[in-house]
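Colleague: Letter by letter, the chains look like this.
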Amino acid sequence: MSRPTALVLAAPGTNRDHDVAFALELAGAAPRITLLSELMANPSLLVDHQMLVVAGGFSYADALGAGSMWSLALQHGVADELHAFVAVGKPVLGICNGFQVLTSAGLLPGALGHNESGHFQCEWVRLQPVGGRSVWTAGLDPIECPMAHGEGRYVHPDVAALEAAGQVALRYDGHNPNGSMAAIAGVCDPTGVVLGLMPHPENHVLERQHPRRARGTNSGLGLHLFQRGVQHARER
Amino acid sequence: MARAARLTIRTIGADPRAASTLADAHALGVPAVEAIDVADVIFFADPQSPAARAALEAALVDPLLQHATWDDPTDRSVVETALLPGVTDPAAAAVQLAMQMIGLPHTGVATGRHCALHGAVDPSTRALLARRLLANGVIERWADGLIEPHFVDEHAVADRTVDTVAITALSDVELEALSKERGLSLDLAELQVIAAHFRTAGREPTDVELETLAQTWSEHCSHKTFRARITSTAGDEIVPLLRQLRDSTDAIAAPFLRSAFVGNAGIVEFTPGATLAVKAETHNHPSAIEPFGGANTGVGGVIRDVMGAAHHPIAITDILCFGPTDTDPATLPDGVLHPRLVERGVVAGVADYGNKIGLPTVAGAVLYDPGYTANPLVYAGCIGVATDDAWLLAGPQPGDLVVVLGGRTGRDGLRGATFSSATMDATTGDVAGASVQIGDPIVEKLLIDALRECTGLFTAITDCGAGGLSSAVGEMAEGVGADVDVALAPLKYPGLRPWEVWLSEAQERMVMAVPPANWPTLLEVCAKHGVEATALGTFTGDGQLHVHAGDLTVLRLDTHFLHDGRPQRSMVAELPTPHRQPAPAPVVPDPAATLLRLLAHPNIASKERIIRRYDHEIRGTTVVRPLVGAHHDGHADGVVLAEPTEQHGVALGIGVNPWYGLVDPERMAHAVVDEAMRNVVAVGADPSNVALLDNFSWGDPRRPSTLGELVMAVQGCCDAAAAYGAPFVSGKDSLNNEYLGSDGQRHAVPPTLVITAMAHVPDADATVTPDLKAVGNLLVVVGNTSTEFGGSHLALVEGLPLTCGPVPAPDPSAPARYRQLHHLLSTGRVRACHDLSEGGLAVAAAEMAIAGDLGISLHTLPHADPITGLFAESLGRFLCEVAPSDLDWFLDGLGESAIVVGTVIAEPEFRTPGWSLPLSSLRSAFSGTQPSAEAAP
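Chains as they are written, first to last, in my numbering: chain U, 1 to 236; chain L, 1001 to 1937.
There's no promise every hint is true.
[As the list claims (entries may be wrong)] Far from chain U, by Cβ distances over 10 Å, these chain L residues were calculated: (1) 1478; (2) 1551; (3) 1746; (4) 1768; (5) 1802.
[Stated by the list, open to error] Over 10 Å on every C-beta distance to chain L, these chain U residues come out as not near it, computed from the model: (6) 3; (7) 5; (8) 182.
[Stated by the list, open to error] The calculated label-pair distances, taken between Cβ atoms and stated as ranges, are: (9) L:1071 - U:76: 23 to 31 Å; (10) L:1023 - U:219: 32 to 40 Å; (11) L:1222 - U:219: 49 to 57 Å; (12) U:76 - L:1145: 34 to 42 Å; (13) U:219 - L:1775: 16 to 24 Å; (14) L:1479 - U:25: 42 to 50 Å.
No lab work stands behind these hints: they were computed from the structure. Positions of the beta carbon are idealized from the N, C-alpha and C atoms, including for glycine.
With the hints as extra help, turn the sequences into a complete structure.
Modeller: Structure representation (structure tokens):
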């Protein structure tokens, strides 16, 4: 089977790009980690790729609010290419800082504020897919993976409208760890090809990575989410 | 100049930062504050047109989360803070970058914080809050009301001033006065050698030369005490401590050892073709005065140590020692930060650096004792990996370029051992923030990324840590010589004198030796990753260190004198005679209540609130996490890391027990080595493949009794290493950790030896955790239990003297036991394993029950005396969970007797022969809010 080409975008301070590339590789894609500076110098790289993942980390140290510098750079450098990428239906995923970037850049609705706790939290969460438009979560079983962020509290002026539009893609199951509105963990754009989520499915792509593996718990591989995206890219 | 513009940005709704600040204000005894509103402020040196303001708002303000105003706030009761001039302001730099991106002209930018205080808050309360809570005077200034911004002077001129210091004709008394005045921290014998050296040379030293010698010969860089000639008060000659440790490592002759006590880190090979580098450092004093920055740069520094060993960093450890967080603020000496603020700042500092640089912060410990109130301890460790001997470097060759890469040089960290107040005063204006090093983890992250692609391009590498370029270039040039122009160093801001450039401890810098042929490629790699690389000169081959600023020579020293000229220090040790007589177990009237007090003791209680601040998941390699169990709320013994595609892994374990150290430093050392060993064995590591690190934080070793305790601790380390066949591969000592007590006397911190064990895990899929797994399984105590309560946590919670008995003795049968147990654990048939440490069997069993969310029924105790059976901390012991059908297999495989003490039960209870407790009480004691460290009756 063909391996869709996936551009894993990394800005200065992005730190889960290698984890994402590993997940994409396992999911059947051909990932290439690309530095923001490379993309800015050569925006046509987007045309050459079938998927885009904006990886997590602390781009520009999150100095002016999570993801905002990176988002500025994208908006002032490759805005046209990015919108064209989405317009033709190629799947885009923003994880953690990547989610924050995509909301700041206007590709996803809403915004991500400081966690209710006021600080960074690292813990495992269970994500319940919500039947909606997202091509990344369609038919997906619940996944379990870690979250690791300080600014992940999802905020939207009209959650009901968002839900009605089928743009809520993932909810925290059980415990809402950061005070997100309606326990929203991930949302998609109106077309369903762009998904953003705060937790890190790329850190649960092997059974060994589950924290309760020694207790016989082995469910909810985050890998499945990447597989959905790869499948969409392949079939598009 | 036109009036500066000011943009104040507030969070819509409650700002989560405000809640914790308010809680801290109340904890500091300022109940009058009813609420605090926090806002961020950005100052622009130029006023900004309406169009520019609109563009800035669009770029900097998220309308869903924040609202912003260009008007001055009108809150009635306000404290504003801003960084001191000279302190790096990354947020301001980011705003400037954003302005560049959106096409606005360059201007000076500064940032600040606006705190509106509600309630009956008068000016003196505002001043108190500002000094104690809202501003750290070391890096920040504050104003009652709106603060005036200070912008960096980007047009200051280079300062080439070099002073000569007349020392050759000074008397002994004058030499010592000079050392004190310039903060050289050199003793008379060292000063005499330096004076004689320059007499022979027929000239006086420059300030750069004197500061360089002081730095190179400092305790921090040259380990004077660990290399000293020591005589006991009884007149016996004691082998220098560093040599004892090296000799013990040599004697073990571990086949996996590649490099010990050389360079930046210890290096071992657990699997063919791949090496691991490991190192731990302390950053105690910086963390005491500026907890966030001190801990932040401590983490950054130890990561660079691993990079300086040409290894790629993969994980971080941290061990923290604080005063009790409920200390009465009124009892704090002047200038001492409240332990609550120290803890908050240190944890935030570790989290900020580790999380941003993208490394999992995995193993660690947090300890609380009044002995750390004025002198908190912060240990940070790092491990890294290299393949195919890429770390084996030729060393600097004549003609190689001296290259500095990474962050720029500023006045960071100049007020160390070499701080000279006279000189600093002469450069007032921008120097106030000079004393504290500021971390920028993203810059170091980019360095890591770039170095990954630089393999083969350099012949030597080291980090720029204490002593800055002086130390880094000075060490690399040893025997070879180097010629360096400090005027070429990229600066954060102009105006630095040559000695400031040479000695700055600015963070995130590495120094390399690069063959000229590789220089273009190296520049290309660095440019790709946004890393600045600058050639400052060349390695020469003449053995001379020559530093100049343009055409002005500022230092010319023979590297042999620089590195080998220091006279060996002679010291006297008064060896302790610890209390080792057997003593009966303490009387414990209510063991159930005692168990709850133990579980609630800050040293034993859950550290979840701290551990979850660190990203321990990144890289996807953490297969045994610091928090484990049914609800991820139990502490693992050690952690295991394994690359997703590899079968083998590496375990990390920590041993530390200052309370044993207070009673019997030799046994303490043995006990903490044993604890670190137990922690890695319990998770599935192979005890015959373990490397150890020693990190000593001690008092002033010039006090013979303090040195005597250090001598005995080193003795204990060497004996334990030999017993386990686990070599020390690296170590570090932080001495002179002293504080002024309420009695007006100087006190040393408790003798705090941290042992890190790094061990090979043959099968990362066969790891073991301590949480109970299944009802009906049996619980077996492995190892021998004796009545040993010296320094125990039972003594701490019962309010007994730490000398109420002997500190647990080494168990000669432990090494063989660990090997047998490892074979059993590696089968995967042992369902849970937990080592017995503070609080003994009772605490270990309770922790296993909490983590597994299952009950326990103990029907037998491992000692005839029940208090000993429940609470003794004898070494070499584990509690294992096995299925009844596996019991015979387990006992046979162990090869020694073990005691079946109980079973796992479905009822949520903790039962013993005499009493029982509901599991819920254990859990709330363990996870509850931290009670007083002095909660004992």
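Colleague: Regarding residue 1222 of chain L and residue 219 of chain U, is the given constraint of 49 to 57 Å on their beta-carbon distance met?
Modeller: holds, 56 Å
Colleague: Beyond 10 Å from every chain L Cβ: check whether that's true for residue 182 of chain U.
Modeller: Holds, since 15 Å exceeds 10 Å.
Colleague: Using the Cβ atoms, figure out if residue 1023 of chain L sits within 32 to 40 Å of residue 219 of chain U.
Modeller: About 38 Å separates the Cβ atoms of residue 1023 of chain L and residue 219 of chain U, which means 32 to 40 Å holds.
Colleague: A range of 42 to 50 Å was offered for this pair. Does it hold for the Cβ distance of residue 1479 of chain L and residue 25 of chain U?
Modeller: holds, 47 Å
Colleague: Was residue 5 of chain U rightly flagged as not at the interface, with every chain L Cβ beyond 10 Å?
Modeller: holds, 21 Å
Colleague: Is the nearest Cβ of chain U still more than 10 Å from the Cβ of residue 1551 of chain L?
Modeller: With a cut-off of 10 Å, residue 1551 of chain L remains clear of chain U, as the shortest Cβ separation is near 37 Å.
Colleague: Holds or violated: the 34 to 42 Å window for the beta-carbon distance between residue 76 of chain U and residue 1145 of chain L?
Modeller: This hint holds: roughly 37 Å between Cβ atoms.
Colleague: Residue 1768 of chain L clear of chain U by more than 10 Å, beta carbon to beta carbon?
Modeller: Since the minimum Cβ distance to chain U is about 7 Å, residue 1768 of chain L lies within 10 Å and the statement is violated.
Colleague: Minimum Cβ separation between residue 1478 of chain L and chain U greater than 10 Å?
Modeller: At roughly 35 Å from the nearest Cβ of chain U, residue 1478 of chain L sits farther out than 10 Å, so the non-interface label holds.
Colleague: Verify this label for me: residue 3 of chain U is non-interface relative to chain L, using a Cβ-Cβ cutoff of 10 Å.
Modeller: At about 18 Å from chain L, residue 3 of chain U clears the 10 Å cut-off, so the statement holds.
Colleague: Non-interface claim for residue 1802 of chain L: all C-beta distances to chain U beyond 10 Å?
Modeller: Holds, since 35 Å exceeds 10 Å.
Colleague: Is the Cβ of residue 1746 of chain L more than 10 Å away from each Cβ in chain U?
Modeller: holds, 36 Å
The structure does not agree with numbered hint 4 stated previously, though it agrees with all others.
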